[in-house]
Amino acid sequence: MSSAVQRPAPPGGDDLFSLDAELGRDLAAIDWAATPLGPPRRWPQSLRAAVSILLSSRFPMWMAYGPQLTFFCNAAYRRDTLGRKYPWALGRPASEVWAEIWADIGPRIDTVLSTGKATWDEALLLFLERSGYREETYHTFSYSPLRDDDGALTGMLCVVSEDTERVVGERRMATLRDLGSDLSVVRTEQEMLAFASEQLGRNLRDLPFTLTYLFEPDGHAWLAASTGIRAGRPAAPSILTADGSGDVWPAARLARQEPVLMDLDGPPFRELPIGDWPEPPNQALLVPLPRQGAGPYGFLVAALNRYRPLNDGYRGFVELTAGHVATGIGSARSYRVQQRRAEELAELDRAKTAFFSNISHEFRTPLTLIMGPVQELRDRLPPGDQRARDEVEVIHRSGLRLGKLVNTLLDFSRIEAGRVQARYEPVDLPVFTAELASVFRAAIERAGLAFEVDCPPLDRPVYVDRGMWEKVVLNLLSNALKFTFDGGIRVSLDADGDHAVVRVSDSGVGVPVDEMPRLFERFHRVPSARARSNEGSGIGLALVQELVHLHGGTIAAQSEPDSGTTFTIRLPYGHAHLPADQIAETTGSHAATETAEPFVQEALRWLPEDAGGSGLTAPDTSAVVPATAAVDGPRARVLVADDNTDMRDYLRRLLTGQYEVITVADGAAALAAARNHPPDLIVSDVMMPGLGGLELVTALRAEPRTAGVPVMLLSARAGQEAAVEGLSAGADDYLVKPFAAQEFLARVRGNVDLARLRNHHSQWRTALIDSLQEGFFVADADGTIVEVNSAFTDILGYPADGLPYPAPHPWWPDPHADSSAHEQVTEAYRQVISAPHGSTVVPLRHRDGHRLWATLATNSVRDDRGTRMMVGTIRDVTTERYAAARDTALNAMNECLASARTVPEVLQAAVTRLRRQWLAPAVFARAGAATVSAPTVGAPTVGAPTVGAPTVGAATVGAVGVVRDADADADPPAAMDGLRDVPQSRILIESGGGGRPIGAGTTVDSPVGPVAIWLTLDPARGFGTEDQTLLLLLCGSLAQALHRAHAFDQQREVAVTLQRAILGPVALPDGFAVRYQPALEVGGDWYDAVDLPDGRIGIMVGDCVGRGLSAATVMGQLRSAGRALLLRATGPSEVLTALDQFAVLLPEAICTTALCAILDPGNGQLVYSSAGHPPAILTLSDGRTELLAAGLGLPLGVLPGRPRQETNTVVPPGAVLLLYTDGLIERRRRPLEAGIARAAETVRDYRALPVEQLADRLLSQMTSSDGYSDDVALLLYRHPAPLDIAFDADAGVLAPARTVLRAWLRRAGVDSRVTQNVLVAAGEACANAIEHGNRDAHGRIHLVAATAGEDIQVTVADTGRWLDEQTSENRYRGNGIRLMRALMNHVDLRTGPTGTTVTMSTRITP
Amino acid sequence: MTTPLHITTSQAPDGRPRLTAVGEIDISNTKEFTAKLCDAVAPGHRLLVDLTLVTYLDSAALAALFAYAKQIDIHISPLNETLFSFSGLSQLTTIRVIPADQDQPSSAG
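Residue numbers (the UniProt record's numbering), protein chains in the order written: chain X, 1 to 1406; chain F, 1 to 109.
Treat the hints with caution; some may be incorrect.
Mimicking EDC-like on lysine to aspartate or glutamate, the simulated pairs with C-alpha atoms at most 20 Å apart in a straight line are [claimed, not checked]:
| # | chain 1 | residue 1 | chain 2 | residue 2 |
| --- | --- | --- | --- | --- |
| 1 | F | Lys31 | X | Asp1290 |
| 2 | X | Lys737 | X | Asp643 |
| 3 | X | Lys85 | X | Asp26 |
| 4 | X | Lys85 | X | Glu22 |
| 5 | X | Lys352 | X | Asp26 |
| 6 | F | Lys31 | X | Glu1331 |
For each label pair, taking beta carbons as the anchor points, the in silico distance ranges come out as [claimed, not checked]:
| # | chain 1 | residue 1 | chain 2 | residue 2 | range |
| --- | --- | --- | --- | --- | --- |
| 7 | F | Ala35 | X | Val1300 | 28 to 36 Å |
| 8 | F | Gly88 | X | Ser1260 | 45 to 53 Å |
| 9 | X | Ala28 | F | Gly88 | 31 to 39 Å |
| 10 | X | Arg42 | F | Thr9 | 26 to 34 Å |
| 11 | X | Arg1306 | F | Ala35 | 40 to 48 Å |
| 12 | F | Gly88 | X | Thr1391 | 20 to 28 Å |
According to the in silico footprint, chain X covers these stretches of chain F (three or more CB under 8 Å from chain X) [claimed, not checked]:
| # | segment |
| --- | --- |
| 13 | 8 to 15 |
| 14 | 31 to 45 |
| 15 | 48 to 62 |
Keep in mind that the hints were calculated from the coordinates and are not lab data.
This one's a predicted model, so the numbers in the text were calculated from it and none came from an experiment.
Glycine included, every Cβ here is placed at the ideal spot set by N, Cα and C.
With the sequences and hints as input, model every part of the structure.
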C-alpha cells in the first residue's frame, strides 16, 4: 500500500501545512525558528489544532497566536481580504500586518486576550491598505480566544466576512431610491433640481461633491445645482464657456456625450471639500445628462470617493444618478411645454369664440341702425347740397366696408361651426368669372393698370356656390389691385384634366419668400413695403382658402418680390366631392349680387382723388348691381300671384319700372314667399287653383309675421257683393278685371305708401330681430313656432319659409335614435311654454344632422288680440358646453392614466379612454418602431445578473408596437402612416365620401420616441375644431403620463438590477438551484444557501412586506443578517430568534416571513424552523410529497423574545427539496393550498430533471397568463448533490475514483448489488478512456453521477476517441461495452471530435 | 498508485492447487493477475481460483479467466454474481458463489 492511503494519521511536522497546498507551501517557507513560536515540530497541540482548523476551513479566517500575536490566515481570507499583503504577512506580528487599522482592532484583541470573551462586530468600517491605496471596507467579524495546551489565553481566531460590496451597494441604492422616490409629482425644473440635490447631498461618501451643469442653446453651460460644495468656488464656476478654453470642466467634451474621468489636481482643485471623508477627493467622473434623441441636457460632475476603486459598479451608480437627474429634467421640461401648449390652445379657443360672437353682436346691430337711416338720408337730401351729399357718401361707404368685414368674419364663424348653407349649382364658370371680374375693370383701369380677362368657354359646367365664388374672385382682385402699381392684372381660366383652373396674376410688389408659408394664415398680414392702403384685416386670403376648400378645390400662390404674384385655384368638375344635400341642379339668379359693391367701393377709395373723379358710386357696378343704390331709394317689393301666365307677365311689365317684382303661380307659393320675406304689397288673383285669393288673405292675416302685409285682390267678378266678400276677408283693396293700367298703378302706389307708413314700425321690428345674433322665435299657445329670425335659421338650419313648425319640432333629437335626449327636450319645452318665463339648456339637432346645445329663454306675452303667445330666444351654447365637456374629458383621462404605471399600460389606458370619449369604432397607438428598443440609462453592472431568467425586464419600455382598443382585431388603417409627416400638436384628418371625417390622428412626444395616435371615426359624428382641440389636450395629458411611466419603468429597472446585485453572484453549494423573478413592482423576496464552516449548508428563503426599492433594501439587510447568523453555526430557530430582535431595530422588517434550515449534505439530515413562511415541499424519489409544515412560528418581529421551535427531518436520497416565496403559489381567488398542491405536482412530474431545468420548468408551469403578480424566489435541492469529479486518464487513479463513487452511491441510498454494477460499468468506461481515448495526449476523465427520480445516472466523458462496438479491435474492451450494457438499464455512447461521452443509467433499487 | 491486490497460491483442503486473490482487479494490475494465474495453472489439475475477497474486477480480469476457463474452477462473492452471470463464463466452467458469512474452508492464515 502506498503511503498516500495512510493519511488519516494526525498532522505532524510539515504535514500540518499540507492541508492547503499553496498556502502550506508559503507557510512552510517561513523561518519559524526566528519567530517566538519556534519551529512547527515543536508547536503545542493547541496551536496545531488551531492552524489545522484555519487551513481546512473554506470560510475566511485569520488568527494571531503567541506573545507577538503571530499572523496566520487561510486561503479564503487571503482571497477576500489580505490582497497584496500576501505572503508578506504570514508569520509576522499581527500589529505589523494590520498596522493601519490597529487602532480599531488592537483594543478588541486585547479584550479577547484579557477576558477570554469573544467579540462581535457587524459591518465595521476599516480603512485597509491591501490594494495599494487606503480602501473603505466593511467587515463583520468575531474574535474568539485561543488557549494553549495549559488553558492559558495565548491568541485569538477571527472569523470574518467582508461586507464592503453590500454596505456600499446599499448606500448607493438608498441614494438612487430616494432620487426616484417622488417621480409621480412633476415639478418645475428648479424644484426637481433642488430635490435631487437634497438627495445627492445626503450621500457625501459616494459623492463627496457634485455639480450639475445645464447647457444653453449657444453651447455655454451654467451651474444649475451643486451638493457638497458652494457654488462659485474655483472648482464650481457658475458659467462654462462654449469653447471651453480655460475652463475648469471640459463642457465641450460632455456635449459630445463623452464621459470624462479627471484627476483633481491643479490650482482650481486646492482646498476641495472633503465630503464625509478625512481627505478631499482626488478624482471626478463627469457624465452627460442623457436626453432622448438629442444632445445631453447638461452634465453631472461627480467627485469620487478616493477610498473606493472606480469599478463598473461605481461608474454604473454615477451614470444611473445622472440618468435620474436627466429624467427629472426631461419630465419637468416636458411638463412645462405641455402645460403652456394646453393653456395656449384653450386661450386661443376662448378668445376666438368670444371674438366672433362679440363682433357679430356688437357690430351688426348698430350697423343696421346706421345703414338704414343713411340710406334714407341719401334719398331725401336735396340735390343742391353737394357737401352734405359727399359726407353722407363717406358714411355710406364706410358702413359698407364695415358690413363687408363683419360679414366676412361671420362667414368664418359659420365655416368654423360647420353651419355653412352652401348651394352648389352647375355654373358656366368662364362667363360668371368674367362677369365678376368686369366689376373691377373700371377701378383697375382708373389706377392706370392693364386689365386682361381671358376666360374661354369650358366644355362643362363647374359646381360652385355663387355667393362664395364671388367672394373668392372679388377678394383676389381686390388684393391684386391693392399691391400693384405698374403693369397689370390678369384673370385667366382653362381646363386641366378633371379640374378647372382659374388664375389671378398681378405684376405687383410680390410676397417675400419667408412670408409665403403664412400667406393664407388667418389674421396674418404680410408686411409690405408698398400698398395702396394700410387697411386690412388679414382675413381675405384666409377666407378665400376656406371657400375654395369647401368647393373641394385647392389654392396655391407663387410670388416673386418686385415682379408679382399669381394665385392658382383648381376646382374639380362634377359634384361627387360635395355634400349631396347642398347640390342644386337648377341655376339661380345670374347677376352678381350686392356683394360686389363694398369691394369696388373700397378699391376706388384707394385710388388718388384725381383719378377717382367725381364718381360717388362705381359707374360700372350699377349695371350689374341692380337698383340698390338707385336715386329714388329702396324699391318696394310687390308679390304677384296669378295662375295665368300672360296676366302674370303683364302685371310684371307694368310694375317692374318702379317696383321689385316677385311672381308666383298660386296662393300656396304666395303664402310661402310672404312668410319668408314679407313684401310691401301682395297682388293676387281671387280665382286660383288650390289656395285661392280669399283663403290666402285669411292665411296671411292669421300669422303675425304676415298679418300686416297689404293685399290687393284682382277678380273677374264684378259687383258690390264680390268686393265686400274680398274686403271682409281682410283684403285692403279690390280691383275688377279688366282694369286700366293707370288705375292699377295708382292703386298699387296708394297701397304701398299706406302700407309703408303703416308697417314702418313692424318693419323696423323685423329688421332689428333679424339683426340679432341670438335666434328669435315666436310660438303660439300650443307651442307651434310661427315666426323665426335669420339667426334662428343659422343656428338650427330651418328657414322661415318652412313656418309654421308645430311641436314636436323637427330640430328635436330623434325619438328613436336618441330617445333620452328627445324626452329631455319634450319635457323641458313643455315646462317652458306653460310657465310665464323660463330658461333651459337642451340638446338639439341641426337640419344637417349635427348635434348642438342651445339655451332656450322664453317669455309669455299677449298679442294685440289678447292671444297668449310666447317669444323666445335661442342661443347656441355648444362651445361653452364643449368647454365644460372638455374639462370633464380631461379629468376622466387623467384619472385613467393615473392608475397606469408602465408605458404599455399608459398607452392601453389612453386608447381605451379615447375610444370611449369619441365612441370611436377603434383607436390605435403606435410607439415609434425603431426609435428606442432599450433603456437609456447606462447598463448597470453592479452585479452580473446570474440569477434566474430575466423574463420580465425593462425591454418592454421600447418597441411597444401597436396598442389598440377595438371591437375586433382591427389593423391600424394605412392613413395612420401619414402621421409620420405630421408635426406634433397638429392633427391629420382622413376624409371619406362626402367630405365627412372617417379618421383622425396626431403624434405625442414621449421618452420612447413619438407615439402615433389614431382614431377611426364614425363619419356621421363629425370631427370639428372642438374635437381637435380636445384631442390635443388629451394627448398632452398622455405625453405627461408617458414621461411618468417611463420614469417608473426606469426606476423599476434600477430596483431589479439592484435586487439581482444583492442576490448574486453567489457560489451556490452543490446540488442547489435558485431563481429570483421580479414582479412588475419589485418586492422583497430573497433566498440564500451558504456553506457553513462545519460542512453543513445553511438555507434561507424569505419575503419582506412591501414593494419597491424600500422592500429591496430591507431584504438586503435581512439577508446579510441571516447569513451572518447562519455562519455562527447556530440552529435555525436561533437564527430566526435573532432576526426577531433585528426586526425590532428595523421596523420595515417586521412581519417578514422566512424559512431557515440547516442541511447536512452527507446524510440528508435537515433541521428547520419557519417564521410564518409557506411550508417547504419535499418530493421523494418515488413521487410521494411531504410538506415540511412543522416548526411553524410567527413572522419575524411580531413577538420578539418568544422561543421558536425547530424540527428535524431527513431528505432521503433522490428526494427534491423546494423552498419558495408565496409569489410562486399565490393566485387571486384561489386558496394557497391549491397553489402549494400545484407546485408539488409540478415537482413530482418533473422530479427526474436536473435541478436547474426543474427550476425553469417550475417557473414556467406555475406562472399565470399575465405573469407573476408578486416576486418569486425559489430554491431547489436534490439529495445528494451530484458527484462531479475529474482526474487524469491514468490507470493508477481508478481505485481512488472508485472509492469516491462508492461513497457517493452509499449517500444516494443505492443497494450494494446495484452499487457493484455501477462501479463495474463506470470502471469499464474509465478503462476505455484510459486505454483508447488518450494514447497520445495527456487526457482527463470527467465523471458525473446524479440521482434523477428513481434512477441514477452516471456520465463518463473523456477528451479522446473511443472504440465502438462495430470497429472493436480489442476483444477485452469490446467486452467492456457489452458489460456496461448488461449491467446498466440504459447506455448511450457518443463520440465526437473533442472526445467521447458515455451516459448510463439504472434504477436505484433493483 | 496501483490498485491494491494480493495474490497467494496454496493448496485447497481437497488437495488441489488454489490461487487466492484479495483486493481489486482493474487494468492497472491485470498483467500481474494474468501472470500469477498462468503460473498457477498446472496440467492435470483443475485450479481453484478463489475470488471471494475480490471486491472489484473488470472485463480485463474476466478475459484472463476466459483464457484458462477449461482448467479452473472459480469462487466468487455474491457482490460479483451479476457480473459473472453476464460474462458467459459459467458455460465454460463452474462458478460457485460463496456468501460472505460462510467460512472460507481454507483461507490463508
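So, going through the hints one by one against the coordinates:
no.	hint	in the structure
1	Lys31(F) <-> Asp1290(X)	holds (16 Å)
2	Lys737(X) <-> Asp643(X)	holds (14 Å)
3	Lys85(X) <-> Asp26(X)	holds (13 Å)
4	Lys85(X) <-> Glu22(X)	holds (16 Å)
5	Lys352(X) <-> Asp26(X)	violated (91 Å)
6	Lys31(F) <-> Glu1331(X)	holds (14 Å)
7	Ala35(F) <-> Val1300(X): 28 to 36 Å	holds (29 Å)
8	Gly88(F) <-> Ser1260(X): 45 to 53 Å	holds (49 Å)
9	Ala28(X) <-> Gly88(F): 31 to 39 Å	violated (55 Å)
10	Arg42(X) <-> Thr9(F): 26 to 34 Å	violated (50 Å)
11	Arg1306(X) <-> Ala35(F): 40 to 48 Å	violated (34 Å)
12	Gly88(F) <-> Thr1391(X): 20 to 28 Å	holds (27 Å)
13	8 to 15	violated (count 0)
14	31 to 45	violated (count 0)
15	48 to 62	holds (count 6)
Checked against the numbered hints above, the structure violates hints 5, 9, 10, 11, 13 and 14; every other hint is satisfied.
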